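Q: For reference, the chains in residue letters:
Number of protein chains: 2
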Amino acid sequence: MSNYFILPLRALIIILTLFPLNELSSQIHSAINSKKRPVDYVRPFVGTQGEGNTFPGASAPFGMIQLSPDTEKELWETASGYEYSDSSIIGFSMTHLNGTGIPDLGDFLFMPSTGTPKLTPGSKAYPDSGYRQRYSHSDEEASAGYYRVRLTNSGVNVELTATERAGLMRLTWPESDSAFILTDLSHVLRWNVVWSSIRVESNSLVTGMHIVNGWAKNRHLFFAARYSRPFDDFRIINDGKPVIYNGYRFRSRMESAGKNIQFIANYSTKQNEVILVKIGISAVSAANALKNLDAEITDWDFERVRTATREKWNKELSTIEAEALSTEGLETFYTSLYHAFLTPNIYQDVTGEYRGYDQNIHTAKRFTNYAIFSLWDTYRAEHPLLSLIQQKRDADMINSMLAHYDESVESLLPVWSLQGNETWCMIGYHAVPVIVDAYLNGVKGFDAERAYKAIKTTAMNLNYDNVATYAKLGWVPFDKENESVSKTLEYAYDDYCIAMMAKALGKTAEYEYFLKRSGHYKNLFDPGYNLMRGRDSQGNWRTPFYPHLYTEGGDITEGTSWQYTWYVPHDVPGLIKLFGGNDKFTEKLDSLFISEADSTKGVDDIAGRMGEYWHGNEPSHHIIFLYDYAGQPWKTQKLAHEVNNTQYGSRPNSLCGNDDCGQMSSWYIFNALGFYPVAPGSNTYAIGSPALRKATVHLSNGKDIFITADNLSSENIYIQSLKVNGKTWNSPFLPYDSIKNGGKITFTMGPQPNKNWGTDR
Amino acid sequence: MSNYFILPLRALIIILTLFPLNELSSQIHSAINSKKRPVDYVRPFVGTQGEGNTFPGASAPFGMIQLSPDTEKELWETASGYEYSDSSIIGFSMTHLNGTGIPDLGDFLFMPSTGTPKLTPGSKAYPDSGYRQRYSHSDEEASAGYYRVRLTNSGVNVELTATERAGLMRLTWPESDSAFILTDLSHVLRWNVVWSSIRVESNSLVTGMHIVNGWAKNRHLFFAARYSRPFDDFRIINDGKPVIYNGYRFRSRMESAGKNIQFIANYSTKQNEVILVKIGISAVSAANALKNLDAEITDWDFERVRTATREKWNKELSTIEAEALSTEGLETFYTSLYHAFLTPNIYQDVTGEYRGYDQNIHTAKRFTNYAIFSLWDTYRAEHPLLSLIQQKRDADMINSMLAHYDESVESLLPVWSLQGNETWCMIGYHAVPVIVDAYLNGVKGFDAERAYKAIKTTAMNLNYDNVATYAKLGWVPFDKENESVSKTLEYAYDDYCIAMMAKALGKTAEYEYFLKRSGHYKNLFDPGYNLMRGRDSQGNWRTPFYPHLYTEGGDITEGTSWQYTWYVPHDVPGLIKLFGGNDKFTEKLDSLFISEADSTKGVDDIAGRMGEYWHGNEPSHHIIFLYDYAGQPWKTQKLAHEVNNTQYGSRPNSLCGNDDCGQMSSWYIFNALGFYPVAPGSNTYAIGSPALRKATVHLSNGKDIFITADNLSSENIYIQSLKVNGKTWNSPFLPYDSIKNGGKITFTMGPQPNKNWGTDR
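Here the protein sequences line up with chains W and H, keeping their order. Counting in my numbering, the first sequence runs from 39 upward without gaps. Counting in my numbering, the second sequence runs from 39 upward without gaps.
These aren't lab readings, by the way, just hints derived from the structure by calculation. Some hints here could point you the wrong way.
It does not matter which identical chain is used: a pair holds within one copy or between any two.
[What the hints assert, rightly or not] List time: in silico DSS-like cross-link candidates among lysine-lysine, alpha-carbon distance up to 27 Å:
no.	residue 1	residue 2
1	Lys-111	Lys-626
2	Lys-156	Lys-255
3	Lys-279	Lys-518
4	Lys-545	Lys-308
5	Lys-545	Lys-482
6	Lys-74	Lys-673
7	Lys-403	Lys-510
8	Lys-403	Lys-615
9	Lys-353	Lys-510
10	Lys-541	Lys-732
11	Lys-297	Lys-255
12	Lys-510	Lys-297
13	Lys-676	Lys-73
14	Lys-482	Lys-308
Quick caveat, the model's predicted, so the values are computed rather than measured.
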């Protein structure tokens, strides 16, 4: 062997030492592409200020554990625990809801500090009254799967990263002889820990659990935490008192149970000393939390975990390769995709076990169990997105919903399910469109007949929200049931979906039955007003009738009659007919963007208001596409462009309403591509105005959709012409069939509407 | 075929119809024996009045479920829930402690009634203020595995029976259009339900759970109840409010979670209509509670279950075939055996799963898991009895204790364990004598080396009750630890047991180490007083010293120095030597039965007082046998006879102290046979005065011990002579080796002491 070999080998060793293999390969990848990668555009702070209710912390895609700083634990409007405007941090908890309107989770708070431990968080006004610490956005950062902040009071630098079921905290300390890491088992967002327990298994392993009576009424969660350095000492605090042996009747200082438990691990630290804590969680048992932890994080290599999770994100985000008009456009797009992939969440241990809605422990067989289904929101765009580009996960989610149905004491598919609980939040039975859309989109991996049976049983339930009365009478009567108009309309749409699935399965009688029910919306259309209006059990109209009135507990869900009148996604032509034709229809629709609701009361976290069109809440989400059905697609294009540009962005305050487990973000993803699923289950998209110059969508079946928007600019927002798979396309609708095996969608854009385009049906 | 055949066949069918096969065979059995069977002598009311703290309800031998009426739920002194003197019943709950001094359990109360349901129990003084009902002992009965009472207020006749993990209630109703069965999930004895949940799975199946913060700090229990007749209607009550859907946000009326939950099943009943409810329990899950129920009670045949359980009892009780001087003597004996076989309890589902001390779900492999180890009590006679005649169960119990050790955060064998919890009640590490006694008695089925490791680790623990200080210093110093004298003495005995096992396992160094520790009792013997006396860390005697003072939290556990001075069960000759010989020893011992404690305060449920000898509590239990060691065995005989006859019996008030999970009863069983294990682990019994005329003890190895007491009468209480296996026996001690393979023990009794007998050592 000559020196020729030896010298390059040495050089290679040096290179490999300097650049671990992952980083090297990623640099090569960047070099080849000579541009940033999708993951680089994720801005986790988007939506953390104001109404978005997102969180900036660390999560793997669809992760069960989502570590994030909490700045607020009581306020309804800070449902994710973090508000960008807050100047102090309570600590770092393990679970979070992405963008809901109601707080919950925030399990198991960890807070590193120095000095004498305080046992309560203190207030935002007086942060030093508790264990809260101040921080500055200038010393805080977040990226996909990573979060960092320096806590001002103690000087501890906190970094978070996560795998699916385990989190890793890297704490860099000042020199201190009174350093400690506090764990508060009583911390949750907004609600109450009713029971908890803790065990100090060794000087570097702690396990515990709590039960939370929250939005989810009966939620059990366990954790196991390993410390990279054995603590010098420790103390459990139960209801403000140290758990110590008082010399009378023995009790172990290593375990306790109660409602209000803290654990303190004490250290003397050197300047810049690093201590890591890794935490696994499980809804099943402490033993499973430890299994999850030890299976997913086998070492103490923070950078390895961080990089691996970042790579997972990049892989998931690369499902759509996008070119935008600006960096902000790419940031908005990939942050939306990031938000869409935060929820639903894996809810199953590495053993396959999970805690079901019946509180029994089940083992998921041939599927991965998911939880947190905000279905009234996510059936609209989040799930249609998943049924396009995440079919494997979508099938798993459907199997999870079917398991929930099996475990439901009412034999109902989930309405708004949260970690083995049903919150019964919002209305309708919108697991139905999720399942039907997936089935008709060809998602494989669930039993269609079993799913259909669950759907039908759900729609025939005798107890839930007067569905039975609706089925018999033709509407939900307002004297029997709250939000009767919205419920009638949404049931009718869900029933349309059932009819579509019955038809596909050859169940003709049931197809006809549910198709008939899907027409029940007509019963609430008052031709005197050309508006939807409540009726009582005797058929009398709601009198007096205030069409612009927003009122809690009235006939409309989170909105006004003027808004909900447009909720017939499955039969817009039928609705137009009720209006008396396109002109009367579009005339009233135009007025929606000018009129104002009578009351300023109501849901105050809904912004994005363009007249009485409120983009910040879901009932409006499909409305701008209705112009496509009424011969005025250019209005759809104009409004889609306006919403894309005014209601989204890459700043903390860029979300105009609750992200609602990815629905707000998924709306954007579809609209950036140029189309939107007005009625999931119909297999038809309505075409809007694309925000991306180019996009390659990698479908779950391995095929690609190539989308280009020629001449797109901030002025050129109107479609001049369109080709689909090379053929001229003059319809404002895009059937799923035309793209399901991949294809090409070529928009040509211009500054003025082409009123001749989109006139075909 | 001739009529010869047809007629007898018809007759046989008639006979079989009149007498189901079980009853027929039992009648034949009785006929052959021409006498009553052991099970017929069981009087479950024994110990239910006053200090005994037993319960009269229905249980299978060592059953996990023990259904019984509760008359009291708050008072410390009614720890089993039932006091014979009470005149009203709160209801019937599923679990009970037999004879403990502290209340707990009483899970899941069922109460049938009529009229408007009340939701709270009401008080004993004003029973009609709640769901309590009056009853009369004249319309109440109990036998092994069966309990019946007629509730005066409603007229419902309630009958209870049980298998190991499931209970069956037979309710016979008056005619009523407002009959109901209330289940109160918030009912437990003395302590607090911190969380509970319920599900109405169908119109004849209900499941639920609760978590109890009680004596056991963190106890989880589940149930499943099937109703023989579907209820006409039902209602869940949560914190006093009905769980109904109010028309706003849906909630199911079929499930709820909270701290204070009741369930009411409504019926219209006909006169004498029978409705049965069967209930399974589990510490693992509702699903397992249902599995336990469905595996063990497959039908609605109350009589079948009752008879099968009665047969189980008869089989277990027949392990000792006894002949007494009177029916009351047999009742006392077999009721004692019945009490000895009520606890420890099976604590494992039919799946093999159980909830461990670490709150994780474990599966018992190659053993049956037991719970409820009142070891400070039961190491004395209960476990030595089991190691003689229930070796299979004793091995299972030891394996259960080893599992507890594995699950213990402190790596300690159980001290006083209660359904997956450690109560740390009482003192010492008396799992040790249980294991060592079993090992030396040849109990098979557990790993001796594993057991020894757990024993040694327990005895070397650095946290528990200053054991480490004791090991170093030679005593537990009173300035560091409460009850320091009792702890020192009991540790010394436990250490003797460890030494015996170390010796048997060939661990010479450890034998010597623990044998040395077993002599630590000498360090607290004050020759100035000839009494045990506390010393502080510096070696100073407790001053002032009150030898007769009973005081909570002093140097002595539940007693006085005068009593505890006799606690050197493993080295009585050594103790005698400290006194300065037999005369000084017996002189002081005589005085024990005359002297009185200074304080009347203290444990007020200890009766059976003969001077300062308190048979109602365990520290006295071995004392009367010490005369055997000091050359005066006739005094042992006299006192054994006196205790047998004055402190036991077959009436509700016949127990003079807490039965303590069978210890008080096991004392009697040994003494009725004529001997007692003063120091379990020593393989030696001290001989007393037999109460049975004849007894055949069926050992677990298949051999039999035949015991006769010739000339025994109420006057002939002194041993005149003794033969063991045909040989004249002049020692007051009976080595286990002499009877382990069966044998004959023949007492000859007379009215006067034979002071020449028992002089050999």
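Q: All the hints need checking, so say for each whether the structure fits it.
A: Status of each hint after checking the structure:
With identical chains, the CA atoms of Lys-111 and Lys-626 are never at most 27 Å apart, being 43 Å at best within one copy and 68 Å at best between copies. Only between protomers do Lys-156 and Lys-255 lie at most 27 Å apart by alpha-carbon distance; the minimum there is 26 Å, versus 29 Å within a single protomer. Taking the shortest Cα distances, Lys-279 and Lys-518 sit within 27 Å of each other only across copies (21 Å), while inside one copy they are farther apart (51 Å). In this homomeric assembly, Lys-545 and Lys-308 never come within 27 Å of each other (Cα to Cα): the closest approach is 72 Å inside a single copy and 46 Å across copies.
Proximity of Lys-545 and Lys-482 under a CA criterion of 27 Å is satisfied intra-copy only: 20 Å inside one chain copy versus 65 Å between copies. Taking the closest pair of Cα atoms, Lys-74 and Lys-673 never come within 27 Å of each other, the shortest separation being 35 Å inside a single copy and 97 Å across copies. In this assembly of identical chains, Lys-403 and Lys-510 lie within 27 Å of each other by CA distance neither inside one copy nor across copies; the values are 38 Å within and 56 Å between. In the homo-oligomer, the alpha carbons of Lys-403 and Lys-615 never lie at most 27 Å apart, since the shortest distance is 48 Å inside one protomer and 71 Å across protomers.
In this assembly of identical chains, the alpha carbons of Lys-353 and Lys-510 never lie at most 27 Å apart, being 49 Å within a copy and 62 Å across copies at closest. For a Cα distance limit of 27 Å, the shortest separation of Lys-541 from Lys-732 qualifies neither inside one copy, at 37 Å, nor across copies, at 84 Å. Taking the closest pair of Cα atoms, Lys-297 and Lys-255 come within 27 Å of each other both inside a single copy (16 Å) and across two copies (12 Å). Proximity of Lys-510 to Lys-297 under the C-alpha cut-off of 27 Å is found in neither arrangement, the shortest distances being 48 Å within a copy and 39 Å between copies.
In this assembly of identical chains, Lys-676 and Lys-73 lie within 27 Å of each other by CA distance neither inside one copy nor across copies; the values are 31 Å within and 101 Å between. For the homomeric pair Lys-482 and Lys-308, neither the shortest alpha-carbon distance inside one copy (56 Å) nor that between copies (55 Å) is at most 27 Å.
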